[in-house]
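*Asks:* Kindly generate the complete structure, drawing on both the sequences and the hints.
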Amino acid sequence: MKLLMDLHTHTIASGHAYSTLKENIDEAKNKGLKILGTSDHSYTMPGAPEPFFFENYKTINQEINGLRILKGVEANILDYDGKIDVSDKMIHNVDYVIASLHSHCIKSGSKEENTDAIIGAMHNPAVKIIGHPDDGRFPLNYWRLVQAAKKSGVILELNNASLMKTSARTNTEINMIALIKLIKKNNIPVILGSDSHIYYNVGRFNEIIKLIQEQGLPEELIINCSIKQLEEKLQK
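In terms of my numbering, the sequence shown opens at residue 11 and continues consecutively.
Please keep in mind that the hints were generated in silico from the structure rather than gathered at the bench. There's no promise every hint is true.
Below, simulated SDA-like cross-link-like pairs (lysine to any residue); rule was C-alpha separation at most 25 Å, straight line [unchecked claim]:
1. LYS161 with GLU122
2. LYS194 with GLU224
3. LYS160 with ALA188
4. LYS160 with ILE187
5. LYS93 with ARG147
6. LYS243 with ILE35
7. LYS238 with VAL156
8. LYS41 with GLU73
9. LYS220 with THR180
What follows is a list of derived Cβ distance ranges for each label pair [as the list claims (entries may be wrong)]:
10. LYS117 with LEU14: 34 to 42 Å
11. GLY119 with PRO228: 28 to 36 Å
12. LYS117 with GLY42: 35 to 43 Å
13. ILE70 with GLY226: 35 to 43 Å
14. ASN71 with ARG147: 35 to 43 Å
15. ASN216 with GLU122: 29 to 37 Å
16. ASN66 with GLY42: 23 to 31 Å
17. GLY163 with LYS44: 18 to 26 Å
18. GLU242 with LYS194: 14 to 22 Å
We put the CB at the ideal spot given by N, CA and C, even for glycine.
*Replies:* Spelled out as structure tokens, the structure:
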């Protein structure tokens with residue numbers, strides 16, 4: 011399986027990550043990636059940059075040292091209606107938005123409330139990816155989530171960092187297995203994200219590859235293997 015991209019990466023701008031964009035670019039090149047997406051946390055996350063940081067993304071070249079650069083933001087879902095902390099100016103200057111539930115930005119509700127929050131975020135046309143929908147601290151109705159993803163075309167992420175020993179998320183492997191089964195049944199594409207907060211984890215997919223191989227997830231459902239499929243998703 012040849013993975014060509016990593017769209018969930020963080021730099022020191024996020025406030026709790028430890029590498030520069032250049033360090034991430036160099037690591038992506040070293041690992042043979044063709045596309046690097048930089049997706050720092052949006053402003054509601056403690057320590058994250060102000061909106062102008064994202065509004066000024068135009069200063070970053072679309073290609074650096076032969077590596078295609080996509081400019082994104084990991085937005086925080088703020089309420090159970092799916093409101094996110096991304097302004098119109100930010101949307102105008104980013105290539106994609108990842109929407110995620112974070113305990114610093116929203117209190118976990120019931121399974122249905124948490125699911126409502128994500129589905130509400132999916133209704134925002136700027137949102138292209140749902141980040142780490144595997145955290146047991148935010149229980150979800152995976153059947154509803156997969157049906158909403160199928161209808162909206164928003165991509166669900168399988169997050170490698172969630173499976174690492176350093177993760178604070180809970181019950182992630184069990185939740186991912188349940189999610190993968192529904193993804194296979196409904197034949198919807200997913201994206202793998204490293205969710206790297208330090209350069210050497212850019213393009214790290216070891217843990218999630220092991221799991222998806224054990225679960226028999228077909229390669230054709232993994233967007234990281236197809237630049238064309240990614241472009242089609244981002245254009246919707």
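*Asks:* If a hint holds in the structure, say so; if it does not, say that too.
*Replies:* Quick rundown of the hints versus the structure:
With a CA separation close to 18 Å, the supplied pair LYS161 and GLU122 stays within the 25 Å bound. Under the criterion of a C-alpha separation no larger than 25 Å, the hint pairing LYS194 with GLU224 is consistent with the structure, at around 13 Å. For a cut-off of 25 Å, the pair hint linking LYS160 to ALA188 stands: about 16 Å separates their Cα positions. Distance hint between LYS160 and ILE187 is fulfilled; the C-alpha atoms sit about 18 Å from each other, no more than 25 Å.
A C-alpha spacing of about 19 Å is found between LYS93 and ARG147, which places the hinted pair at or below 25 Å, so the restraint holds. Proposed proximity of LYS243 and ILE35 is supported: the alpha carbons are some 23 Å apart, at most 25 Å. Taking the CA atoms of LYS238 and VAL156, the gap is about 22 Å. The hint holds against a cut of 25 Å. Between LYS41 and GLU73, the direct Cα distance comes to roughly 17 Å. Compliance with the 25 Å bound is thereby established for this hinted pair.
Taken as a hint, the LYS220 and THR180 pair is honoured in the structure, with Cα atoms around 19 Å apart against an allowance of 25 Å. A C-beta distance of roughly 37 Å is found between LYS117 and LEU14, which places it inside the suggested range of 34 to 42 Å. A hinted range of 28 to 36 Å for the beta carbons of GLY119 and PRO228 is consistent with their spacing of about 34 Å. As the Cβ distance of LYS117 to GLY42 is approximately 41 Å, the hint placing it in 35 to 43 Å holds.
Between ILE70 and GLY226, the C-beta spacing of about 38 Å keeps the proposed range 35 to 43 Å intact. At roughly 38 Å, the beta carbons of ASN71 and ARG147 sit within the given window of 35 to 43 Å. Distance hint check for ASN216 and GLU122: the Cβ-Cβ separation is about 34 Å, which falls inside the suggested range of 29 to 37 Å. Distance hint check: the CB atoms of ASN66 and GLY42 are about 30 Å apart, consistent with the given range 23 to 31 Å.
Between GLY163 and LYS44 the beta carbon distance is about 23 Å. The supplied range of 18 to 26 Å therefore holds. At about 21 Å, the CB distance of GLU242 to LYS194 agrees with the hint of 14 to 22 Å.
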